[in-house]
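Chemist: Chain residues, written in single-letter form:
2 protein chains.
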Amino acid sequence: MPVGLTPPVAGSLTLIPGIRLGVAQAGVRKANRDDVLVICLPETATVAGVFTQNRFCAAPVQLCRTHLASTAPRALVINTGNANAGTGEDGLARARQVCAALANELGCKEDQILPFSTGVIMESLPADRIISGIPAALANLAEDNWLRAAGAIMTTDIVAKGRTASCQIKGQTVTVTGIAKGSGMIHPNMATMLGYVAIDARVPAGVLQHLLNEVTNESFNRVTVDGDTSTNDSFILMANGRVDAPLVEEIDGADYHALYAAVAEVSVFLAQALARDGEGATKFVTIEVEQGRDRAECVQIAKAIAHSPLVKTALFASDPNLGRILAAIGYAGIDDLDVNKIGLWLGDVEVVRNGGRDPSYVETRAAEVMKREDITMRITLGRGSARDRVWTCDFSYDYVKINAEYRS
Amino acid sequence: MPVGLTPPVAGSLTLIPGIRLGVAQAGVRKANRDDVLVICLPETATVAGVFTQNRFCAAPVQLCRTHLASTAPRALVINTGNANAGTGEDGLARARQVCAALANELGCKEDQILPFSTGVIMESLPADRIISGIPAALANLAEDNWLRAAGAIMTTDIVAKGRTASCQIKGQTVTVTGIAKGSGMIHPNMATMLGYVAIDARVPAGVLQHLLNEVTNESFNRVTVDGDTSTNDSFILMANGRVDAPLVEEIDGADYHALYAAVAEVSVFLAQALARDGEGATKFVTIEVEQGRDRAECVQIAKAIAHSPLVKTALFASDPNLGRILAAIGYAGIDDLDVNKIGLWLGDVEVVRNGGRDPSYVETRAAEVMKREDITMRITLGRGSARDRVWTCDFSYDYVKINAEYRS
Numbered sequence: 003m004p005v006g007l008t009p010p011v012a013g014s015l016t017l018i019p020g021i022r023l024g025v026a027q028a029g030v031r032k033a034n035r036d037d038v039l040v041i042c043l044p045e046t047a048t049v050a051g052v053f054t055q056n057r058f059c060a061a062p063v064q065l066c067r068t069h070l071a072s073t074a075p076r077a078l079v080i081n082t083g084n085a086n087a088g089t090g091e092d093g094l095a096r097a098r099q100v101c102a103a104l105a106n107e108l109g110c111k112e113d114q115i116l117p118f119s120t121g122v123i124m125e126s127l128p129a130d131r132i133i134s135g136i137p138a139a140l141a142n143l144a145e146d147n148w149l150r151a152a153g154a155i156m157t158t159d160i161v162a163k164g165r166t167a168s169c170q171i172k173g174q175t176v177t178v179t180g181i182a183k184g185s186g187m188i189h190p191n192m193a194t195m196l197g198y199v200a201i202d203a204r205v206p207a208g209v210l211q212h213l214l215n216e217v218t219n220e221s222f223n224r225v226t227v228d229g230d231t232s233t234n235d236s237f238i239l240m241a242n243g244r245v246d247a248p249l250v251e252e253i254d255g256a257d258y259h260a261l262y263a264a265v266a267e268v269s270v271f272l273a274q275a276l277a278r279d280g281e282g283a284t285k286f287v288t289i290e291v292e293q294g295r296d297r298a299e300c301v302q303i304a305k306a307i308a309h310s311p312l313v314k315t316a317l318f319a320s321d322p323n324l325g326r327i328l329a330a331i332g333y334a335g336i337d338d339l340d341v342n343k344i345g346l347w348l349g350d351v352e353v354v355r356n357g358g359r360d361p362s363y364v365e366t367r368a369a370e371v372m373k374r375e376d377i378t379m380r381i382t383l384g385r386g387s388a389r390d391r392v393w394t395c396d397f398s399y400d401y402v403k404i405n406a407e408y409r410s
Numbered sequence: 003m004p005v006g007l008t009p010p011v012a013g014s015l016t017l018i019p020g021i022r023l024g025v026a027q028a029g030v031r032k033a034n035r036d037d038v039l040v041i042c043l044p045e046t047a048t049v050a051g052v053f054t055q056n057r058f059c060a061a062p063v064q065l066c067r068t069h070l071a072s073t074a075p076r077a078l079v080i081n082t083g084n085a086n087a088g089t090g091e092d093g094l095a096r097a098r099q100v101c102a103a104l105a106n107e108l109g110c111k112e113d114q115i116l117p118f119s120t121g122v123i124m125e126s127l128p129a130d131r132i133i134s135g136i137p138a139a140l141a142n143l144a145e146d147n148w149l150r151a152a153g154a155i156m157t158t159d160i161v162a163k164g165r166t167a168s169c170q171i172k173g174q175t176v177t178v179t180g181i182a183k184g185s186g187m188i189h190p191n192m193a194t195m196l197g198y199v200a201i202d203a204r205v206p207a208g209v210l211q212h213l214l215n216e217v218t219n220e221s222f223n224r225v226t227v228d229g230d231t232s233t234n235d236s237f238i239l240m241a242n243g244r245v246d247a248p249l250v251e252e253i254d255g256a257d258y259h260a261l262y263a264a265v266a267e268v269s270v271f272l273a274q275a276l277a278r279d280g281e282g283a284t285k286f287v288t289i290e291v292e293q294g295r296d297r298a299e300c301v302q303i304a305k306a307i308a309h310s311p312l313v314k315t316a317l318f319a320s321d322p323n324l325g326r327i328l329a330a331i332g333y334a335g336i337d338d339l340d341v342n343k344i345g346l347w348l349g350d351v352e353v354v355r356n357g358g359r360d361p362s363y364v365e366t367r368a369a370e371v372m373k374r375e376d377i378t379m380r381i382t383l384g385r386g387s388a389r390d391r392v393w394t395c396d397f398s399y400d401y402v403k404i405n406a407e408y409r410s
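Chains as they are written, first to last, in the working numbering: chain A, 3 to 410; chain B, 3 to 410.
A portion of the hints provided could be inaccurate.
Which bits of chain B does chain A cover? Going by a derived footprint, with three or more residues having C-beta under 8 angstroms, they are [said to hold, decoys possible]:
(1) 50–60
(2) 82–94
(3) 119–133
(4) 226–233
(5) 299–313
(6) 322–329
The set of hints was computed from the structure by calculation and includes no laboratory data. No residue lacks a Cβ here, since even glycine has one placed at the ideal position from N, Cα and C.
Construct the entire structure; sequences and hints are all you get.
Modeler: This is how it looks when you write it as structure tokens:
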């Protein structure tokens, strides 16, 4: 079960005026479940996106990049059940068919549609079924449909993930609402599996992209479940551009920072939710690395720990077999690391000082911390003042079970 | 259970004249099991070693490096049950105590002893118990003791690992015998967890080290169980230097190549045995990457696949969910990879051609291959003529179970 995470309750996701969401059951892979989501944008909207760095990026990701570069999007169409990745030219053609069908319904151009897919890789996208579902999705378009939309994009997720935050800009309240899905193949590299955050404000596309890049590096790029970077990672930030809404047009101004804080609140919540609901997760783990020369090496060490199957199984067992953490620090690839300066804290328990077991360390105290569902480990490197953090989960029987049975 | 691997039978490991092995039950961690091994070398012997690249290398690894650089070793002492890693200055002092005790018994200097440890990290080495066990180990020193020695160095290994090979040099038969242990925290980087190979020949130390470096790159550096590089990896090659044995003193001559082939046969067998008996393994997997620009990028892609928990759980389930392999290729870090040139074969089944599903691919044929215990996947990159390979195993419930319960 997810760790410290409950689904959003009805009414907790505040609508963003002008942004309407519709859901359909198209039977993409299984019958009788919401598996197609359409998000329609007002003509005033601006959109920014970041996408997977996986070289095998999916057909919809390729189209999103092209479409975003050429014109202002009018709608997004998302399907679960099939990733349309590793499908070559045929996959691109099928994703284009879906875009064309939705564009035809909306009276816009094909490249004004952003397509997204998630599910099994290397299987042919059933474009006909998705297209058949589009009218039903359009029929229930509503601004107040974020909660159902959060459910419609789930695959192996146990709970839907959504969050609303707000900030004050020029005396007005600016609302930010977002949803995401994750669970497995989660090691976002520039983006997460699928994330959509909308803002009730006017933000030029360039500013929006800058904001998105900054937020991504503080949220989705800091979470990992299994170290597998997906072929379909996409994280989209949309501003509705409502005429009466505040305008944020200066990067690094006070308004930008207020907006940044609200978007980051939503994005960090969603990113953490991916780890809390990671496949088979029984623990949510925050790994903080401090006193590094730069942030990159702090992340490098945190990810080595987060990806270690031995650390993850010890967390699952609540076993303070913490030498495994030292081993992961040691092989993280920092060639000139002086291990005699390393410190390690588990919660409020000092475990390692100067590279060896702290003289006052008593394992029963660490064992108490390991029993918790929410665990923070802190590593000090003694070589600088940079710091960073990564969120992850443990590695349980259920991870193996879920991924051994995924397609059955 | 190990995949296609049975323990060596009595008499199958041929002795190397002058090299004697003795075993003791010292109760390092648990009672009534062989946990200390002493290997005594003749005065004529030469020794070479490669050791872990983990920055948190264990105290015995640090001493081995120093001792090997300063003098000719007379004996090796190996304990299981405790890795003496992450133990700082106290760990070094304890390893030195063990060396001093054995040196005293043998009438040699402390730095003529090479110490090795494997087991739990960051716990204090019970040097007194190991020292108490040394007389018993010396009492049963025998040339014909390789089989018991292979058993004495096991930790979570299910079967002992040993192999003998031979070659002809200058009209004489040269015997090569080796043992190794592995199971978990197996992603050797310059060496394996613990491996010892001995040669009945005269080989100058420089030539022996060159041979060892070459062989390591073809054997232990090509295997991974869980991607965790151990703090204690050590791989030792010993030549007995027997007066009547052939002399191999020229690197790259015919004699060197004959010897190389025999040492490689033993080392590749032992390296594969680590994956066949990897923790929880139910499949043995060979990943061949071809048509790369250089061997390094072939290994990089093979290891991305070998470390992917999603690929490993699909292997465990015998599920040909092969898109996961494409995803791993895509995130392996080859920035200019043209995915449209990628090919993938599973056994004799062509799965992917030109980056997409092969038109003639039928999943039932891949499903047949996935059911086998011994699986080869071959990836073609279409960008050069280099090739390399990596051996690994799958990821099962038992991996989680073994590592969740390791210290209990």
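Chemist: A separate judgement is required for each hint: does it hold in the structure or not?
Modeler: Now the hints, each set against the structure:
1. 50–60: Satisfied; 5 residues make the cut.
2. 82–94: Coverage by chain A holds here, the residue count being 8 at a Cβ distance below 8 angstroms.
3. 119–133: Holds: 5 residues of the stretch 119–133 of chain B have a Cβ under 8 angstroms from chain A.
4. 226–233: Our answer is that it holds, as 6 residues pass the Cβ test (under 8 angstroms) against chain A, meeting three.
5. 299–313: holds (count 4)
6. 322–329: Contact hint for the stretch 322–329 of chain B vs chain A: holds, 6 residues under 8 angstroms.
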